[in-house]
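Enquirer: So the protein sequences, as listed, match chains A and B.
Per my numbering, residue 1 is the first one in the first sequence, and the count goes up by one each step.
Per my numbering, residue 141 is the first one in the second sequence, and the count goes up by one each step.
Among the clues, some could well be false.
What the hints assert, rightly or not - Distance windows between CB atoms, simulated:
#1 B:Lys158 - A:Asp112: 47 to 55 Å
#2 B:Ser409 - A:Lys25: 55 to 63 Å
#3 A:Val15 - B:Glu450: 55 to 63 Å
#4 A:Ala110 - B:Ala180: 39 to 47 Å
#5 B:Gln297 - A:Arg12: 38 to 46 Å
#6 A:Asp112 - B:Glu524: 44 to 52 Å
#7 A:Arg79 - B:Glu450: 50 to 58 Å
Claimed, not checked - Only pairs whose alpha carbons sit at most 25 Å apart, straight line, appear in this in silico DSS-like list of lysine-lysine:
#8 A:Lys55 - A:Lys70
#9 B:Lys406 - B:Lys291
#10 B:Lys482 - B:Lys159
#11 A:Lys115 - B:Lys406
#12 B:Lys479 - A:Lys115
#13 A:Lys25 - A:Lys70
Stated by the list, open to error - Now the stretches of chain B that chain A is said to cover, found in silico as 3 or more residues with beta-carbon under 8 Å:
#14 324-332
#15 409-421
#16 486-500
Keep in mind that the hints were calculated from the coordinates and are not lab data.
Note that CB positions come from ideal geometry on N, CA and C, so glycine has one too.
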Amino acid sequence: MHVEMLVLQFPREVVDQPIIYRLVKDFALEFNLLRAAINPRQEGLMVMELRGHPKDFRRGLKYLRQTGVKVRQVAREVRRNEERCYQCGTCTAVCPTGALYIERPGMAVAFDASKCSACEHCCPACPAQAMEVRLNRAAV
Amino acid sequence: MANYQVNKTYQEINEKIKKGQAVVVTAEEIIDIVRRKGEAEATRTVDVVTTGTFSPMCSSGAIINFGHTRPPIKASRVWLNNVSAYAGLAAVDVYLGATEPAADDPLNKVYPGEFKYGGGHVIQDLVAGKTVHLLAEAYGTDCYPNKKVEKDLTLKQLPNAVLFNPRNCYQNYNCAVNLSNRTIYTYMGPLRPRAGNANFCTAGQLSPLFNDPYYRTIGIGTRIFLGGGAGYVCFPGTQHNPGKPRGDNGVPLGPAGTLMVMGDLKKMSPRYLVGVSLLGYGCSLAVGLGIPIPLLNEEIAHFCAVTDEELLAPIVDYGHDYPAATGRILGHVSYAQLKSGKMDLDGQMVPTVPLSSLVRAREVAQMLKEWIEKGQFLLGEPVELLPGSEEIHCVPTASRDS
């Protein structure tokens, strides 16, 4: 199984096509949608976790690119400012992937960046404003 | 006057502290000591139990005197880093409240508002030694002709800066859920629909007023850890309500006692006074607060040995009941359950989320313990204890305890 967190950019011309359906049907890929902004006749954007056999995964990505969808891996964009974080745990209420979690019984709040989908829900929810978004230029 | 097997006085304990001989443990450590040795023996061994909490406490602020200017000003409107401070006091005295947002904050116009900077942040910046911009306006008088002052200030340059919090350190608090169909943004954090999460906000067995439920040792003059320095309990807090229903162990089953506290801001630290932004709600200040509890007799040791299993929080629906002020409680849940990560709400497993930092609350209790062990911090004997339920007439607040 191969898993990647991806940002898909849909050009205007293809937003009316069932592209994700084809990914599932033709390439047996599993997806978990974390963010989607698709409007008729406008450029669309999706953030999703895509999972499948490595071979299917590669073919699926090739298909996406052929249809004109821009695919990029999510750069580790959200970081925690360790100075600011005071270890409360509020962020765990909104983190959809479990990247932010509480270590029990000590109750320290841990951040596993490898699980982060960069959905950014934690950024405004953090009372201490400790979650920062940074663009990883190398990955864009 | 009850007959106790062990009787100690504040003076005796303070003498031991001065000699560096006092035995001090935290409210988590005392649990096991009482379990092993029994209450009386634990009281003979241990002199002081330190507690701690670290949470957003909205009813906080600072009394600031920014110093007379030439020509002098009787300031009537004042902003610090563009956050309005109340200036309806003498010439250069102001009160800066923790929840005051910056004057140009969009508030909830773009919902949910982010409230990135407010009074709590100004207080943290001051304590961190940062420069803060002051703007004062006045109408001008014969004795105070100046109508406008602008200057950059640091905490060191202020003649006086006192943290003065009218309501801190709640004795117990609600566990918040949201039974509505949309996400809501509250002072208890974001609450997902259909009870998607349950948020709670106390340190449980480490929290000060859980360890002295009848205020046998806490009152006016109690010296405390406040924001990284020493402070005092100066009065019962606003909405102090000791008459709330209590469990068999004497601990209130909902928000009850509160403290009014103050201390010299100049001696505090930005690690224990943190400006916070509560999404969709507003600005606030997270305060580190710890109270030393002297084991004067075995009854106090008994109370200090309370565990998370025996402490119960009321579950309140912030989707409907809280904004409608119905006072309805969905049930009670123990802090042991809340700290475990999930709880059962009518058959649904709900993830539990702390807003209070237990990690930093432990730091507070530990620091206070070290201060006392080193003889740097003496106990303050209360001039008057906090009112118990029999002594105070409380205006019912119908579960509006925010």
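Enquirer: Hints first: check each against the structure and report whether it holds.
Expert: Against the structure, the hints:
no., hint, verdict
1, B:Lys158 - A:Asp112: 47 to 55 Å, "48 Å, holds"
2, B:Ser409 - A:Lys25: 55 to 63 Å, "59 Å, holds"
3, A:Val15 - B:Glu450: 55 to 63 Å, "58 Å, holds"
4, A:Ala110 - B:Ala180: 39 to 47 Å, "41 Å, holds"
5, B:Gln297 - A:Arg12: 38 to 46 Å, "58 Å, violated"
6, A:Asp112 - B:Glu524: 44 to 52 Å, "51 Å, holds"
7, A:Arg79 - B:Glu450: 50 to 58 Å, "40 Å, violated"
8, A:Lys55 - A:Lys70, "20 Å, holds"
9, B:Lys406 - B:Lys291, "19 Å, holds"
10, B:Lys482 - B:Lys159, "46 Å, violated"
11, A:Lys115 - B:Lys406, "42 Å, violated"
12, B:Lys479 - A:Lys115, "23 Å, holds"
13, A:Lys25 - A:Lys70, "20 Å, holds"
14, 324-332, "holds (count 4)"
15, 409-421, "holds (count 5)"
16, 486-500, "holds (count 9)"
In terms of the numbered hints stated before, the structure departs from hints 5, 7, 10, 11, listed from lowest to highest.
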